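Each chain is listed here by its residues.
Protein chains: 2
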Amino acid sequence: MGRTLTYPKRSSNTVNRYKHRATYDLGAIHTIINASPVLHVSFNPGPDDPFPTIIPMIGQMGSFEYPSASINEPLECYLHGYVSSRIMNLARASDGEGLPICVATSQVDGLILSLTPNSHSYNYRSAVLHGYANLVTDEQEKLWAMELITNSVLEGRWDNSRVPPDKAEMSSTVILKVKVQDGSGKIRDGGVSDERKDTEDANVTGRIWTGVVPVWQTFGTPIPSGEGKLAEVPKHITSYIETKNKQNRALAENAVVVQLPPEEQH
Amino acid sequence: MGRTLTYPKRSSNTVNRYKHRATYDLGAIHTIINASPVLHVSFNPGPDDPFPTIIPMIGQMGSFEYPSASINEPLECYLHGYVSSRIMNLARASDGEGLPICVATSQVDGLILSLTPNSHSYNYRSAVLHGYANLVTDEQEKLWAMELITNSVLEGRWDNSRVPPDKAEMSSTVILKVKVQDGSGKIRDGGVSDERKDTEDANVTGRIWTGVVPVWQTFGTPIPSGEGKLAEVPKHITSYIETKNKQNRALAENAVVVQLPPEEQH
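In the order they appear, the protein sequences are chains A and S. Position 30 of the first sequence, counting from 1, maps to 31 under the working numbering, and the rest follow consecutively. Position 253 of the second sequence, counting from 1, maps to 254 under the working numbering, and the rest follow consecutively.
In case anyone wonders, no lab produced these hints; they're calculated from the structure. Just to be clear, a hint being listed does not mean it is correct.
Covered stretches of chain S, as calculated for chain A (at least 3 residues, CB under 8 Å) [stated by the list, open to error]:
(1) 41–54
(2) 210–217
(3) 246–258
Derived BS3-like pairs: lysine-lysine, alpha-carbon spacing no greater than 30 Å straight-line [what the hints assert, rightly or not]:
(4) A:Lys20 with A:Lys10
(5) S:Lys198 with A:Lys236
(6) A:Lys236 with S:Lys247
(7) S:Lys20 with A:Lys143
(8) A:Lys198 with S:Lys236
(9) A:Lys168 with A:Lys230
(10) A:Lys198 with S:Lys230
(11) S:Lys180 with S:Lys168
(12) S:Lys198 with A:Lys143
(13) S:Lys245 with S:Lys230
(14) A:Lys245 with S:Lys245
(15) A:Lys10 with A:Lys180
(16) A:Lys168 with A:Lys180
(17) S:Lys247 with A:Lys245
(18) S:Lys230 with S:Lys247
(19) S:Lys143 with A:Lys20
(20) A:Lys168 with S:Lys20
(21) S:Lys143 with A:Lys198
(22) S:Lys168 with S:Lys143
(23) S:Lys247 with A:Lys247
(24) A:Lys247 with A:Lys236
(25) S:Lys180 with S:Lys10
(26) S:Lys198 with A:Lys168
Since we're looking at a predicted model, the values are computed, not measured. All residues carry an ideal CB built from backbone N, CA and C; glycine is no exception.
All chains, please: the whole structure from these sequences, using the hints.
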């Protein structure tokens, strides 16, 4: 592409702590979102409620207008939900640009076990998006988003299940489309980082173990149920499990190897 | 105890969808929070910003006044952060009861692969708390919360690192204490659930595999770094990894076995 698109830095999405770990690149942020089995979505329930709330939702970045858009390009965030849930009712009733929401996710890739509690940390990837949410009303776009989101749970699952959804299924499912206004990501990788006052103190270093424990999500052996009569676990499931288990483990272990200069770590 | 304490049901925390999966029990909700390596914390940055925002934080439920309180009893939520981060500045500047925040977490325990995309789901445990956040100012309480939170990352780590924190470390770390106003949890376990229109259609059941893929968090082999000179990985780390890996896997696999009556599933 020859260019890296970035989200604008506003006060709401600018990272102030450990800035060297922050990213505003669309590609990096969208990749973190799309790798998340669950997104945490925040909104304000109403003027009488002092608390913002958070619900877990399944979602995915994509572009219905330009379905071939790459992960580095401007994309919308599509979120899946039930027709009468509160966030859907609020989005339906919202005027102006839509319901202001925040979409966030974090994946832990490792425990950073250092000399002092203060320098303990995680290797992680986190991302946040702010945007206006509206209900998708176009039936073709809705169907496209349902397929996108289903396949994010398990690649190829849409075509290996009973589709298309019937009329009742289409009307009970609602898809939220988030017009993204800004976003940021934060990635911590590398190893342990401690301050000189501790690394140079033999009384401290001599009795403490430091290092990284890689952490990743594992998919286990599929447990069949009685509904589908297909006897053998199909390839789209077995190969997804095998691929993801390898990828997830490699990502967590390789994250440790990335070594930044000590002054940029913590 | 002979009684089960529950959070009050207010509009902000009442679950309307799949109510049979909802819980308001303190014990169930606190357990889900404490099992989470990361919590998602939402707050409103200010009157000029239409979007609530979410940051990932490490936290733990506990009671400084009654340290021996069980998980089923009223507890505060302690969150760890950096002195000048935005949420800390907002909490410091808040008047009245404190900064209104929402704390949420979700853990995926399995992929529910059913006949139709609409009946696909996750086995999961999620929890949400609403409350007022204030900075902990008492030094003893702060130290106690730092130990609580450090040990939630890896059991016994506090005593196996260089403690206590020195003056600079104490002042750069800030602990938020959340006075919980309400909360709710949601647990989905069990197997696949499909509607009769599909389970009785041999054209559908004959070509589709249904079942559950258990999902859990795995801790890998510790990778030593140069700072701590202890040659062997100590027991508090190896036994934590071994125990958690067994527990996490068993939880995900056992969740599948719980079988509710079909009409209560989805």
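Hints the structure fails to honour: The structure breaks none of the hints.
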